[in-house]
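K.L.:
Chain residues, written in single-letter form:
2 protein chains.
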Amino acid sequence: MTIKPLEGIKVLDFTNVLAGPTCTMLLANMGAEIIKLERPGCGDDSRAYGPHINGESVYFTSVNRGKKSVVCNTKTEAGRQVFLKLVEKVDVVIENIKPGGMVRMGFDYETLKKINPRMIYVSISGFGNTGPWALRPCYDMIVQAMGGIMSITGEPGGSPVRVGTSIGDVMGGTYAAMGTLGALYQRAVTGLGQKVDISLLDCQVAILENAVARYSSTGFIPGPLGMRHALITPFEGFKTKDRVLIIAAGNDNLFTRLCRVIGLPELCSDERFLTNASRTDHVDELRELLEARLADKTADEWMEILQAEDIPCSPINTIDKLFENPQLAARHMLVEVDQPGIGKVSVAGNPIKYSTVPAEEEIPHGPAPSVGQHTREILVDLLGYTSDDADAYLKEFMR
Amino acid sequence: MTIKPLEGIKVLDFTNVLAGPTCTMLLANMGAEIIKLERPGCGDDSRAYGPHINGESVYFTSVNRGKKSVVCNTKTEAGRQVFLKLVEKVDVVIENIKPGGMVRMGFDYETLKKINPRMIYVSISGFGNTGPWALRPCYDMIVQAMGGIMSITGEPGGSPVRVGTSIGDVMGGTYAAMGTLGALYQRAVTGLGQKVDISLLDCQVAILENAVARYSSTGFIPGPLGMRHALITPFEGFKTKDRVLIIAAGNDNLFTRLCRVIGLPELCSDERFLTNASRTDHVDELRELLEARLADKTADEWMEILQAEDIPCSPINTIDKLFENPQLAARHMLVEVDQPGIGKVSVAGNPIKYSTVPAEEEIPHGPAPSVGQHTREILVDLLGYTSDDADAYLKEFMR
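Taken in order, these protein sequences are the chains called A and B. If you use my numbering, the first sequence corresponds to residues 1 to 399, in order. If you use my numbering, the second sequence corresponds to residues 1 to 399, in order.
I should point out that these hints are in silico values taken from the structure, not numbers from a laboratory. As the structure is a prediction and not an experimental result, all values here were calculated from the model. Some clues are possibly wrong.
In silico lysine-lysine, BS3-like type, Cα no more than 30 Å apart, as pairs [what the hints assert, rightly or not]: (1) A/Lys89 to B/Lys4; (2) A/Lys239 to B/Lys98; (3) B/Lys10 to A/Lys10; (4) A/Lys98 to B/Lys4; (5) B/Lys114 to A/Lys113; (6) B/Lys321 to B/Lys241; (7) B/Lys10 to A/Lys98.
To give a feel for the contact side, a few chain A residues facing chain B, derived at Cβ under 10 Å [stated by the list, open to error]: (8) Ile53; (9) Tyr59; (10) Trp133; (11) Val163; (12) Val170; (13) Val189; (14) Phe220; (15) Leu254.
Listed next, the stretches of chain A that the computed footprint assigns to chain B, with coverage defined by at least 3 CB atoms under 8 Å from CB atoms of chain B [unchecked claim]: (16) 44-51; (17) 311-325; (18) 348-362.
The beta carbon of each residue, even a glycine, is placed where N, CA and C say it ideally should be.
Bound conformation, chain A alone (with noise of 0.2 Å):
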C-alpha cells in the first residue's frame, strides 16, 4: 500500500477562490485531508466562476478536486462550535479570508492556539499580516502590477501584459504550502506547532530572481524583452516559413551546433557572434541572420534537423496541444476527474514525483465536492456528534 508523505494529516481550509484552495490542493496531492469549510449555499465565491457545465463550475472543480466539505456559517454558535471543534483535531489550519477576517471571529492564532499549541497557523492575505498595508484588499492582478512581474513582461516597447495565468494566486498558494511543509517537519522534531504569514506582494517579489540584484547593482531598470531572455543569445523566439519557432542555444557549443547544422557556418567565426556577450550585443543582427535562413523551411522541419543535433526547440504550444504531447502523457500530467455533472474533466497532475508513490496515485482523482457533501461523516466520524446532532446542524444549514 502507498503511504504518501502528508498520509495522516488534517487540514482545515478555511479559504476561497485560488491562492488557499490552490496551497489546500498542493497538500492534497502529498496525502493531506482536506476539509474545506464552505459557507451554507452558494459555498467557494469561485462556483460562481464560468465556465459552468450543467450549474457545475469547471473552475472549482480544477483546483478542489478530492477535498470534502463541509457546510458552516461562522455567524451562527452552532458553526463557531464546528469551526473550533475542528481546530481541535486538525494538524494545519489554513485561510485566505478578507484581512482582519480572523480577528473579529476571534479566530487568529492567538486565540486559536490555546486549543490546539501543535496546531500549524497558515494565513495568506494580499499584502500580509503585519505592516502598513496588512488590512489593503487585494487582487492576483494588483500585485502582478504592483509587484513588479507586469513590468518585464510583454513586447519590447509596449504594453506591460499579465502573466496569462494567475501567478499571484499561485506562488501565494505555493510558498503558503511549503511553508507548512516546513512547519510540520519542524513540529515532527519539536512538537511545537506556529504561524505561517504569507503576503502574495512577498511572493510576487520573491520569483524576479535576477531583476531584484541587477536593478541594485547597476540601476538599469529592466523592460519587457518580447519573447527574448536578456542575457542569452540565441534564445527567443525566430520565423520560419510558417510559423515561430524557439531555439534556445544556451552556450557557445550549442551555438555552433546550430550555425553548422542551419547551413551558417560562417556565424562562428564572426567577431560579432563569438561570445555570449557579444551575441547578446548583436541580438538584432544574429536575429535577422538567422531569419533569412529559417525561412527557408518549416518549423516542423526545422525542429527534426535541430532535435537530431540535440539543440533545444520547440513550438509555442497552446493548451490543446498539451494533450498531445507524449511526455506528458508519459508523466501522467493531464488526469482525468469524473465530476458529477461536468462528466470527465482533465486537471494538471502532480508535478512533484516520489519514488515511492505510484502515478497513478499522485493525485485525489476524487471530484471536488457538493457544498457541504461530507458535513455529517466529519462531525460524526471526526467529532464525535450524535446522529441527531448532526442532523439538526445540517437541518440549520443545508436547507
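Go by the hints and put chain B onto chain A.
P.N.:
Same frame as chain A, now just chain B:
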C-alpha cells in the same frame, strides 16, 4: 536563539545555473546548510552571466547567497571520493545536471541509496527522469513555449511573449524544494529516504490553473488577453490622464463602489453591467466608458480616491519602485547582502514568514561563496580529512 525549520539539515547541492540553485536557496532560507559542489576554475555556469562588477556575477550572487562551495571534479578519483563521502553525511542530494549524467557517473539514486538509505535524492531536469523525452536537453525558454504559458501571455492578437522572469526554472526549483520538504517530513515519521523526480515541463503545466480544465471541458483554446483577466470584469489596466492604472473590482459590491466614486453611478443599473458575467460579455464597452471618465485625473489622483473606498488598484511598478514600497520594506522583502567585489547588493527576501523566525534572520545574509571557498572546512570538519589530505586535495584543484 532562533531555530529555523531545517536547522541541522545538510544538503549536497550538485546543481547549476537557476532551477537547482533556486531549490537550494529556498531550503537555505529555512535553515538548511547548503554544500555546493563546483567544478575547478569557472565553477557554476551562471558565474559567467552578466552583469559583472569587479569580475563578480550579480546573477550568481542573487541565487547563491549564504551557501558553501566545495571544489570538486568528479572525473578524478579524489573528486569522486569527496562526492561519495558527502553523500554519506548529508540528508539531501540535489542535482540538475545534464540528463543521463548521474547514471553515467554511477551517482544515480539506486547506487547512492546503498551508501545512505535515509538520503533524499532530488533530480531536476527539463523533462523528468521517465518518459520518451527523459534524455532531451532543455532550457527554461523551451518549457515556457512547450508548456502553454506563452500562448496565453501577451497582447490580444499579438505574438505570445515570455514571462519576464524565468518562470520555468523558478517553478522547477520551487516544486523541488516542496518535494524535498514532503520527503523530509515523511522521513521524520518513517526513517526512510526516497527519490523526488522533477520535470520543468511538468511544473509549467501545473501552474496553468483553470486553462487546462477549461479547454478540456469546453474545447475553447485560451489566448493572450493583454492586461485583462479572462473571467472577471472590470479587472485590468485603464488609461488615466498620465499612465495606466490597474483596477480590480472583482465582485458586484466593488463594481458598485467604483462606479459611484468615479461619478458614473448609472453604470450600476445598466443592464449590460449587472453581473460579472454580463460585464465580461461587454468588457470593451465598459472599458471605453470607464476610460472616458478616468482620463480626467492622473493615476495618483485616482488611486487616492479609490483606496479611500477600499477598491483594489495599483500602478504598474517597474523594479526600481519596489525599493520605495513601504509594505515591502516592513516585510523585509528586499535584503542587502555584502558581496566581496560587488559591495552591497539587494536580493529578494523570504516570502515564507514563520512566527518563530525573526524578520532579520529570514534569509542567510552571508555572501555567495567564491569557487571552492569552503573546501578545507568541509573536508576537515565534516568528512574527517587530515589537514595534509585536505592540502593535497586543494593543491590538485585550486591551482
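K.L.:
With reference to the structure, classify each hint as holding or not holding.
P.N.:
Quick rundown of the hints versus the structure:
1. Restraint check: the Cα-Cα separation between A/Lys89 and B/Lys4 comes to about 26 Å, which is no more than 30 Å; the hinted pair holds.
2. A threshold of 30 Å between alpha carbons decides the hint, and for A/Lys239 with B/Lys98 the separation of about 28 Å falls inside it, so the pair holds.
3. For the hint pairing B/Lys10 with A/Lys10, the CA-to-CA distance comes to about 29 Å; that is within 30 Å, so the pair holds.
4. Distance restraint check for A/Lys98 and B/Lys4: the Cα-Cα separation of roughly 29 Å lies within the 30 Å cut-off, and the hinted pair is therefore satisfied.
5. With a C-alpha separation of about 42 Å, the suggested pairing of B/Lys114 with A/Lys113 is violated against the 30 Å cut-off.
6. As the CA atoms of B/Lys321 and B/Lys241 are separated by approximately 20 Å, the hinted pair is consistent with the 30 Å bound.
7. A hinted pair counts as satisfied when its Cα atoms are at most 30 Å apart, and B/Lys10 with A/Lys98 does not qualify at roughly 39 Å.
8. Because the closest C-beta pair between A/Ile53 and chain B is about 6 Å apart, less than 10 Å, the hint holds.
9. Interface hint at A/Tyr59: satisfied, since its Cβ lies 5 Å from the closest Cβ of chain B, which is below the 10 Å cut-off.
10. With a cut of 10 Å, the hint placing A/Trp133 at the interface with chain B holds, because the nearest CB-to-CB distance is about 4 Å.
11. For A/Val163, the interface hint holds, since its Cβ comes within 10 Å of a Cβ in chain B; the closest pair sits about 5 Å apart.
12. This hint holds: A/Val170 has a C-beta 5 Å from the nearest C-beta of chain B, less than the 10 Å allowed.
13. About 7 Å separates the beta-carbon of A/Val189 from the nearest beta-carbon of chain B, less than 10 Å, and the hint is met.
14. Using the Cβ-Cβ criterion of 10 Å, the hint placing A/Phe220 at the interface with chain B is satisfied: the shortest such distance is roughly 8 Å.
15. A distance limit of 10 Å between C-beta atoms decides the matter here; for A/Leu254 the minimum to chain B is near 8 Å, and the interface restraint holds.
16. Using a Cβ-Cβ cut-off of 8 Å, 5 residues of the region 44-51 of chain A lie near chain B, which meets the minimum of three, so the contact claim holds.
17. Judged by the Cβ-Cβ criterion of 8 Å, the region 311-325 of chain A is covered by chain B as claimed, because 14 of its residues qualify and three suffice.
18. With 9 residues carrying a beta carbon less than 8 Å from a beta carbon of chain B, the region 348-362 of chain A meets the three-residue requirement, and the given coverage holds.
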